[in-house]
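A.B. asks: Here is what each chain is made of, one letter per residue.
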Amino acid sequence: MLWPPPWPAFASDVLTVAPPRQITARRGQTFPAALRVELRGGFHVNSNAPADEYLIPLRLAWEVGPLQAVEVVFPKPRLEKYGFSPKPVSVFTGDFDIATNFRVAADAPTGLHLVKGKLRYQACNDKLCLPPKTLEVQLAVDIR
Amino acid sequence: MSWKFPRKAAAALMLAGLLAGGCKSTRLSVNAATLKPAKDRKPAPEFDLKDAAGKPVKLSEYKGKVVLLNFWATWCGPCKIEIPWFMEFEQQYKDRGFAVLGISMDEEGWEIVKPYIEKYKLNYRVLLGTDMVAQIYGGVDSLPTTFLIDREGRIASVHVGLVSKSDYEKEIVEILDTRAAASGGARGGAVAAAVAGLR
Chain Z
1 MLWPPPWPAF ASDVLTVAPP RQITARRGQT FPAALRVELR GGFHVNSNAP
51 ADEYLIPLRL AWEVGPLQAV EVVFPKPRLE KYGFSPKPVS VFTGDFDIAT
101 NFRVAADAPT GLHLVKGKLR YQACNDKLCL PPKTLEVQLA VDIR
Chain D
1 MSWKFPRKAA AALMLAGLLA GGCKSTRLSV NAATLKPAKD RKPAPEFDLK
51 DAAGKPVKLS EYKGKVVLLN FWATWCGPCK IEIPWFMEFE QQYKDRGFAV
101 LGISMDEEGW EIVKPYIEKY KLNYRVLLGT DMVAQIYGGV DSLPTTFLID
151 REGRIASVHV GLVSKSDYEK EIVEILDTRA AASGGARGGA VAAAVAGLR
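Which chain is which? The protein sequence lines are Z and D, in order. Its first residue numbered 1, the first sequence is counted upward by one per residue in the numbering used here. Its first residue numbered 1, the second sequence is counted upward by one per residue in the numbering used here.
No farther apart than 25 Å at their CA atoms in a straight line, the calculated lysine-lysine pairs in the BS3-like style are these:
hint, chain 1, residue 1, chain 2, residue 2
1, D, 119, Z, 81
2, D, 36, D, 58
3, D, 165, Z, 81
4, D, 114, D, 94
5, Z, 87, D, 119
6, D, 121, D, 58
7, Z, 133, D, 114
8, D, 39, D, 65
9, D, 50, D, 63
10, Z, 76, Z, 118
11, D, 114, Z, 87
12, Z, 81, Z, 133
13, D, 63, D, 39
14, D, 119, D, 55
15, D, 119, D, 165
16, D, 170, D, 63
17, D, 121, D, 50
18, Z, 133, Z, 116
19, D, 55, D, 94
20, D, 121, Z, 87
21, D, 165, Z, 87
In case anyone wonders, no lab produced these hints; they're calculated from the structure.
Generate coordinates for the entire structure from the input sequences, incorporating the hints supplied.
C.D. replies: Here's what the structure looks like:
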C-alpha cells in the first residue's frame, strides 16, 4: 500500500492539488478518479471553456500507459463578474474536483502504476493575473 | 519564450531591486504607487527588444520622453481593460513627449500577439518580452505591471495590477508638467555594470 502517499500535495503559488488516494482496479475495468483542486481565496482560474478566445483554459492531460484516460470531467463553471471584464467570465474558484474516467487495458501488467498527468491553468484575481503554469500530478493505481 | 526563472534569477532580482529602487513587484498584491521624488528615482534598465515589424527597439531611444512601459499579455483580463486607456494617452500626450511601450509576455509570441494588435487596433508600439527583460524589471510575475519612466530614463512609479485610469493620467500629467531635474547619474553605466555581473 502507498497510503499515505509518499509525495506531498502538488502545489504552486495559488493552486494546490491534494494527493489523490491510491486506487485498486482490475484489468479491463473502468473507474473514476478525482483530483481535488484548491485555489487561494480571491483567485480564480479560467474554466475549461472560457468565452474569450484569448483566455487560457484549464486543461488536464494524462500520459498514455496501461491506463487510458477515457474522459476528463470538469465541474460546472461559475460565471463571475469582474471589474476588468464587461461580460461575466467562466471560471473555477475555491475548492473543486476534476474527475477522470480511466480504463485499465485488458493486458495491463499487474502491480502498482503511477499515472502522470499535467494540469495547465492560468490564475487571476480581480486586479492581476499570474502567468500560465503547468502542474505535474500523479495517481497511484494498483492493478490486480 | 518560457517566462520561467532562469538560473540566475536570484541575481537578477537583486539587480532589479538595485535598479528599481525598492519598487519591485509584489507577487500577489496590488501596488498602487505614486510618483517617487526625482532624487529617489533609479534608472530604468536598458533593453533591446523587437517590435511587431521586427525592428529592434531600445529604451534608450526614448530618452527625453516620458514612457509608460506596460508588461501585459493577451490572456490577461485586467491588462485588456487598460489598453484603451493607454491608446488614449498615446494619442493625447504624444505631442508633449510621451510614449506608451507595451511588452507582451505571451509565450506564443507574435503568432498570437500580432493578430491581437490588429484586432484591437493598438496605436502604440508593442514589443515581445523576454525572460531577461522581465527579470531585470523585478521579475514581473504578475500582469499587468506598468512602469512610468521620466524624461531622464528613471523609474518614477510602478503599478502591479490594475489601477484606475485617473491614477495613471494624474501621474502622466504630473510628470509631463515637471521640468527635468538634474540627471540621476550614469544610467547606462550602472545598468551595464549590473548586467555584466550576471554574466
